[in-house]
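One line per chain: the protein sequences are Z and D, in this order. Heads up: the first sequence is residues 1 to 114, going by my numbering. Heads up: the second sequence is residues 1 to 112, going by my numbering.
Derived by calculation from the structure, the hints in this document are not laboratory data. Predicted model only: the values in this text are computed from it and were never measured. Positions of the beta carbon are idealized from the N, C-alpha and C atoms, including for glycine. It cannot be assumed that every hint is accurate.
[What the hints assert, rightly or not] Partial list, computed: chain D residues near chain Z (C-beta under 10 Å):
(1) Tyr39
(2) Lys47
(3) Ser48
(4) Gln50
(5) Ile90
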Amino acid sequence: EVQLVESGGGLVQPGASLKLSCVASGFTFSDYWMSWVRQTPGKTMEWIGDIKYDGSYTNYAPSLKNRFTISRDNAKSTLYLQMSNVRSEDTATYYCTRSYFDYWGQGVMVTVSS
Amino acid sequence: DIVMTQAPLSVSVTPGESASISCRSSKSLLHSNGITYVYWYLQKPGKSPQLLIYRMSNLASGVPDRFSGSGSETDFTLKISRVEAEDVGIYYCGQLLENPNTFGAGTKLELK
Numbered sequence: 001e002v003q004l005v006e007s008g009g010g011l012v013q014p015g016a017s018l019k020l021s022c023v024a025s026g027f028t029f030s031d032y033w034m035s036w037v038r039q040t041p042g043k044t045m046e047w048i049g050d051i052k053y054d055g056s057y058t059n060y061a062p063s064l065k066n067r068f069t070i071s072r073d074n075a076k077s078t079l080y081l082q083m084s085n086v087r088s089e090d091t092a093t094y095y096c097t098r099s100y101f102d103y104w105g106q107g108v109m110v111t112v113s114s
Numbered sequence: 001d002i003v004m005t006q007a008p009l010s011v012s013v014t015p016g017e018s019a020s021i022s023c024r025s026s027k028s029l030l031h032s033n034g035i036t037y038v039y040w041y042l043q044k045p046g047k048s049p050q051l052l053i054y055r056m057s058n059l060a061s062g063v064p065d066r067f068s069g070s071g072s073e074t075d076f077t078l079k080i081s082r083v084e085a086e087d088v089g090i091y092y093c094g095q096l097l098e099n100p101n102t103f104g105a106g107t108k109l110e111l112k
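Chain D on its own, in the form it takes in the complex (with noise of 0.2 Å):
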């Protein structure tokens, strides 16, 4: 299985400061059709996760564009520019290459 190791487990931000998350996968995501399948999603207190960025870079329908994410075939990075308090909750980034699809173990941002 591709392993997806997520740093740091926790983060706290200054509102209007900005974040970064990173992400490692084992293996490349990068496939031959030249989309790397990573995929960031948030989960807010107490509700189910959302999707963010999909194929590394893309971002999902109604998502502020103080999100973006970015990377190479193995490492990936999410960045929240201008954090705001509606951005507090756990990140997950996910692996879509191949089965099991696998996530990371999650970043709680909070805000300071």
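Just chain Z, with the same shape it has in the complex (with noise of 0.2 Å):
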């Protein structure tokens, strides 16, 4: 069975840095793409970024590119959101997937506030 177990989300203050991780289970993670996709207060969905299984490549959302850094550690069949600098709009729903989100992690929430 295909887990996606995300944490370190909390309270954060604005200014500050987070970093996400997200353990896979149940499939060849050094096998998949893997993506960041986060859902606001008010529903909306937004793509973040992906990394190449190799994590040799990785793709963001302009917005957020020069902010959010995403790697993975294919030993520890791990995924990493490294979030700097965060503002009040990055407070949300952070959801792990696999490949073409196929599956999601159960979220993990981000409240940036002082």
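The task is to assemble the complex, starting from two chains supplied on their own in separate frames and drawing on the hints.
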């Protein structure tokens, strides 16, 4: 059974940094592109970016590429999202997804507030 | 960016009847390889989204055949025949033709 389990969310102050993790199981992690998608409190879905199966290539939403970094550790079957200089508009539920979003994690909430 | 426009934003359906949700893209989603890169997802209340339809008309694993997807290069339809209580939630279309991948605003399906 494919499972994606995110962690690392919480309440963070504007301007701070935060790193989310996603541990994958039930499939060969190193065979798949992986993505991060976020959902705002108003239910809007926004693609953040993705990373090639070997970690050699990443794509980002233009509005986020200067502050967000996606990485992976295939030995640990773990996907990461490093968020820096966070803003109130980054408040959302963050989902780890596989490939063409065929599997989603349970999501982790990030709240940016002072 | 490719804009995905869904309609309606909400729909109320009597159990056992059918429902259709439309999605229009601002650009053709037909790739030169012949594949149309539109996808449909359902987010049930309190749950993560799940894949329903991939590449316009292919049913994802485990999804009931009451769901079907169709369309052209820019206009797409998700049809649910014989709506059941478990179909309640928010339906999203998405395009994976090019980056940034984008989603529609969502259509909320409720039961009458």
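Hints, one by one, checked against the model:
no.	hint	in the structure
1	Tyr39	holds (6 Å)
2	Lys47	holds (8 Å)
3	Ser48	holds (4 Å)
4	Gln50	holds (7 Å)
5	Ile90	holds (6 Å)
Of the numbered hints stated above, none is contradicted by the structure.
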